[in-house]
Every structure is written in structure tokens, then in C-alpha cells.
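Assemble the whole structure, with the sequences as input and the hints as a guide.
Going line by line, the protein sequences match chains R and S.
The first sequence begins at 1 in my numbering and counts up one residue at a time.
The second sequence begins at 1 in my numbering and counts up one residue at a time.
Don't read these hints as lab results, they were simulated from the structure.
We put the beta carbon where it would ideally sit given N, CA and C, even for glycine.
Hints should not be assumed to be uniformly reliable.
[Claimed, not checked] These stretches of chain S come out as covered by chain R in the derived footprint (C-beta under 8 Å, 3 or more residues):
| no. | stretch |
| --- | --- |
| 1 | 271-277 |
| 2 | 286-298 |
[Unchecked claim] Here are some, though not all, of the chain R residues that point toward chain S, as calculated from beta-carbon distances under 7 Å:
| no. | residue |
| --- | --- |
| 3 | T118 |
| 4 | D122 |
| 5 | G139 |
| 6 | N225 |
[Stated by the list, open to error] Anything over 10 Å on all C-beta distances counts as not near chain R; from chain S, calculated:
| no. | residue |
| --- | --- |
| 7 | A49 |
| 8 | D169 |
| 9 | T207 |
| 10 | V267 |
| 11 | D366 |
| 12 | Q398 |
| 13 | V410 |
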Amino acid sequence: MTTGLIIQVVLGGLLMGFVYALVAAGLSLIFGLMNVVNFAHGELLMLAMYGTYVIHENLHLDPLVQLPLIAVVMFGVGVAIYRLLIARALDVQFNTGMVQIFVTFGLGIFLVGAAQLTFGSDFRSISNGFLSNQTFMLGPVILPMSQVLAGLVCLLAFGVLALISRTEFGRALEATREDRDAVALIGIDRNRVFSIGWGIGAAAVGIAGVMLASFYYISPTVGDNFALIAYVTVALGGFGSLLGALIAGLLVGVVEALTALVIDPSLKQIGIFAIYVVVLMFRPRGLLGRL
Amino acid sequence: MRKIARGALPAVALLGGMLGAFAMVMPVAAAPPDVVIGAIFPLSGNAAAIGHDAQMALDTEADIINGHDNVPMLLGKGGGLPGLGGAKIKLVFADSQNNPQIARSEAERLITEDHVVAIIGSYTSATAVTISQLCERYEIPYISADNSAPSLSQQGLQWFFRTSPTDVDFSKAMFAFFASIGKQTGRPVHSIAIIHENSVFGTSSATVQEALAKAAGIKVLADISYQANSPSLSVEAERLRAANADVVMPSSYTSDAILLVRSMHDVGYTPKAIVAQDAGFVDPNFYTAVGPLGNDAMSRSSFAIDATKARPAIPQVNALFQARDHKDLNDLTGRELTALQVLADAINRAKSTNNTALQAALRATDIPGDQTIMPWSGIKFDSTGQNIEGTPVIQQHQNGVWHTVYPLDVATAPAVWNVGK
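Given below as C-alpha cells:
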């Protein structure tokens, strides 16, 4: 095992880690804000990937150019999901937790079915994008352009999320998270904060979806491949913590890659869950969790 | 209102009764009852594309048997099954979701509720394990159309019949091809790298390949197993690059096949040759997704669409299939279609849908290859229910078209062979 190989594998893991982190960030934001686990999160990722694919096929717009568009559309999707489903589920008088789980779970199943009905079950992919199949050399290391860019964009998105948290709205978000009933007294519209929170969460996973679409295959069930990792990442980083999601995402990416290299590729998820179990044993609220 | 209802009720009942009696008498007089056959494939989930194609293939064959297309092969004349007075084939499809447990419960539903006379399935070998064991319990034949794990026919089952060759036959053909091309070009295979998904299909395929490599004196430089539907296969690709063997031998389903070939490219690795264990590498989706990266990939196959000289039925059957699915027949759909043909032939000879008569007829199956669309020498089951006359071929994807490159007597193009260059 050469040093070059190890560097290559670690870098590859880091790049994938940025994507995991951004997918997890949306999930973490929503959970931290209102204690709702979005079980349709993987399906939102799938939706964004199909969106990118359809626009690319019909209008020949490169995924990169589509970034702002998909982010805005996904923001709308997030707001709509909150207004049409989650807000109603929150109003239920009994067994609220269960109702929220079933609502998002059902939404996930619905989205997978709708995608299969609309696009069929064939695997799609964008193979002639601006960065498709391009690589560049960095000393002994070869990196695919599409993944490097995906990592950069995801990092940038984190920067934007961090900026948002410093604005007036960010403080309202924080206040709502701390005490959702008290904020009403100081004139913060809880519903508005929640729906924008869902919008931002969906936009974040949408951006990850656009970047993934430029190098990953697209199918109705593609969300499953990333959802489980996102849940682990959120729990590892700490519920509601943005920086936690970033660190945990990178950690998961690198641990996954190193387990595959050093032990065995078929055991790479064991590496992730081993770290998760260790963190839970010594720090049950996750690395940076405050709950 | 009440009065009207009271008056109308007997009239409606009388009319209903008459219609019911009419319906009961009519079919017996007009046509024999349909022969109901169950088919279990992954119709949703990650392998849904394959399941959809399988459904189209079986529907095509059922139409050939029931209709009047006059195809030059066994039961190609149409008009139903002559042995049962022209009875029509009726297919009932069930979705395994590519999950062995769901496959088992769907099989049970088909047998107990739809009263199917036999079940055809099921693409993944993991689902075939549960279906075939359930069929054994209910004493209903399971026709394995496209499951290739050798272990399936070594379970000691009496109701298991596999028309398709197994991964042992397929892998033997690959190593025979290596020997042949080595002799032909003077550039033999010295080493291989095996990469496989870690369920029944991939694991048993890899085990066989490793043993055959050892016997042929070929070094196995890597044997990598991975979990299917991984978010990333970069490290796996890295390991293959580090091994840099003469031939990369993947046993992968479509999603992983796409990701694997792209990842190899992303880490700057172009294998000298890929010889795949079918599955993802013969799925048309794979070639659309990877484009030129899939050029010159080879796969074992049990279907050769270009063998039209020896198998005159191919063009017509392919046209009928294309009208439904807008794709050419491939290795999987060809085998699925043939499995229904073989089962229908057995029912026809049994002249009954009774399970033991059907089992006896299946055991007595002896169909010459030219009565099918497959390049096999024929279909004949041994005591384990395995077809012993299914001879595989090696095909290569050259500039978007599949060409048979081995065995040489049925080859339609020379192999592009970069090993040793």
C-alpha cells in the first residue's frame, strides 16, 4: 500500500464526505428546528437529481448552471411540504410523533412511486455534462473534476448556511428552536420560520442532488443509498448542529474510504457504524450536539 | 322509493342469476380454461428496470403461444396449447421488490390465491432461494429463467428446473475463451482481478472464478467484494488499479456496474479487458449511462442476437419484443422468454395442469436448440433440474453493438483484445 494510494483514498473520501455533509445538513436543520425527522429526505435528493436530469435532457443546461434554479425550486418544494403536510401533522392532538413519522415516511413512498411512474425504472445519468468524465492530476493523485467541484459547491453551501444563521432570520430560527411557544410573544411567526426552515433544508439537499447528478446514476430509489448515511451523519454530528453535520460528514466519508481500503470494501459501512457507536457511548448527544 | 326498490330487487336478482348461469356455461362450451402461470420479478426498487423488461419478454412469448404470429420455433404456430385443446396461457405477475422475504410471500400468494400451475422467476439468485423452497413445499414447479448461482440446483429440490446455464458453465466458458484467445493472438491472460457484489450471485460467481483461475494457472491479483448499491465505489476502483491485472472480472448489477466503470475512469484506470458475469453489463441502461467508457467490455451471455442463421426465429421474436419494449432482446430477456416456452411445452405434453404430470413432463423435456431463440444445443434437465445443454457464448460490446466473439464457430466478429499490448 503506497502513500500515494492512501492520500488518493483519503481525498476521495473527503470529497464524498462534503456531499454526505450537505445532505445531512438539511436533515439536521429540520430536526433541530422542530424535532421532526424527515424520512423523505433521500427522496428529496432523488427529486433534485431527476430535476437536473430532465432540464439537462430538454434544455441542455449543464448541472452547474442549473444550481440556482434547482435550489430555488427545491426551496419551494420544502415550503410546500411544510405548509401542506407537516403543519397539519403538527396540529394533531394525539400521538404527534407517530403522525409526523408516518407523514414523511408516506411522502417518501409516494415520491418513489411517482418517480417510477413518470420516469420508469431505467437508470438515467448525465454523461455529457461540462465536467463529466474529466480528471486532473495532483502529484501522484488523480481526482475526478465532477467530484472536486461537488465538494467545493457543498462547502460553499455550508458557508451560505452559516451566513444565514447570523442574520435576523437566523436568530429567529435559533430562538424558535429554543422555545417555539415563547417566540410568539415577541412577534415571531412560528409557521413562517418553520416553513422557511423546511425550504432551506430542501434547498440544501437539492444542491447536493444537482452535484451528485453530474457523476452518479439516477433511479427512483437512489435516495436510499444516501439516506441511511445522512441519518447516521446527523446523529454523529449532533442534532441541529450545522458544523457538527460538516465534521461528521467528512468523518463518515474518510472512515468509509479507509475501511474499504484497509479492511474490506464489503465492510465499509461497519467502519461508519463503529465510529457512531463509540461516539454514542461517550457523547450521546453527538459531537457538537446541544440537545 | 322503498316500493320501487322492493319491486326492482327480484328483477335484478333474476337477471343476475341468468347472467351468472350463462357465464358458467359459456366458457366450457367455447374454450378450455386458461393455464395460469405465475411470474415473480423485481418490478419496483433498484432492479425494477430488469423486472419490467422480464415482464415484456414473458408477455411477448405468451402472445406468440396464444396468438397467430407463426414464428418458426416450438409452439410458435400460435392458437394456444394444442395438448389442452387450444388453452391459452395467462400470466400473473408479482413484485418481489428484489427482497427474498417479499418474494417468498408473493410466491405463496400466487400459489394459494391465484392457483398458478408453476412459477417463473426471478432475476436475483437471493430471491430464487426463497421462491424455490416455497414451491418445493407446495409441490409446484419453479422454473428458474435467469438465476445463475450454481448453488440453487444443489439444494436437492424436486420441483426446481433451470433452463439457464449456471455461473459455473458461464465461468468455464470465460476461461475457455482466455485459453483460445491466448493461443490465437499469442497474448495469453496471466492474471485476473475479481470484483463482485456480496450476495449469493456475486459470491458464488467469484468462488467459481477463483477455482477455475487456479486450475488454469492464472494469478488472482485481487478478489474484492462490495455491498450492492454503494454510494461510492472509488476505493474498489483504486484497488483494481493497484492490482492492474490483465482482465477485470466483475459480477455486478446495473447500478454498481455504472458506478464501477465511472469510478475506474475517475481514478485514471482503464482495464486492458473487462470480462463480466452478465447482469449489469448486459443491461442497455448501463451502456446509455457510461457511453464510450463501456466500449469493448465483454460479457458471457447465453443469447446471441446475431446468430440468426442457426436460429431463424430470432428476427421475428425480436420484432415482437421491440414492439412492446422498444429495446432489442438481450441475454436476460432471451432467457426469460425461453423459460416460458419450455414450461408451456411441458404443460402441452402433460396434457394437464396436474402438478405431478407437469413435473414428469418437465423431467422428460428434450427440445433441440434450433426450436428456440437461444444458441444452446438444446434443453434437457438432469436429476437436479439443471439444463445440461445450455452452452454459453462470450460477447463484446463493440461501438454500441453486441458481437459474439466466442466460441469461434458461432463468432460474428473477432475480439478486440488489448491484453499483453
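Hint by hint, here is what the structure shows:
no., hint, in the structure
1, 271-277, "violated (count 0)"
2, 286-298, "holds (count 6)"
3, T118, "violated, 13 Å"
4, D122, "holds, 5 Å"
5, G139, "violated, 13 Å"
6, N225, "holds, 5 Å"
7, A49, "violated, 4 Å"
8, D169, "holds, 26 Å"
9, T207, "holds, 14 Å"
10, V267, "violated, 6 Å"
11, D366, "holds, 37 Å"
12, Q398, "holds, 19 Å"
13, V410, "holds, 30 Å"
Of the numbered hints listed earlier, those contradicted by the structure are 1, 3, 5, 7, 10.
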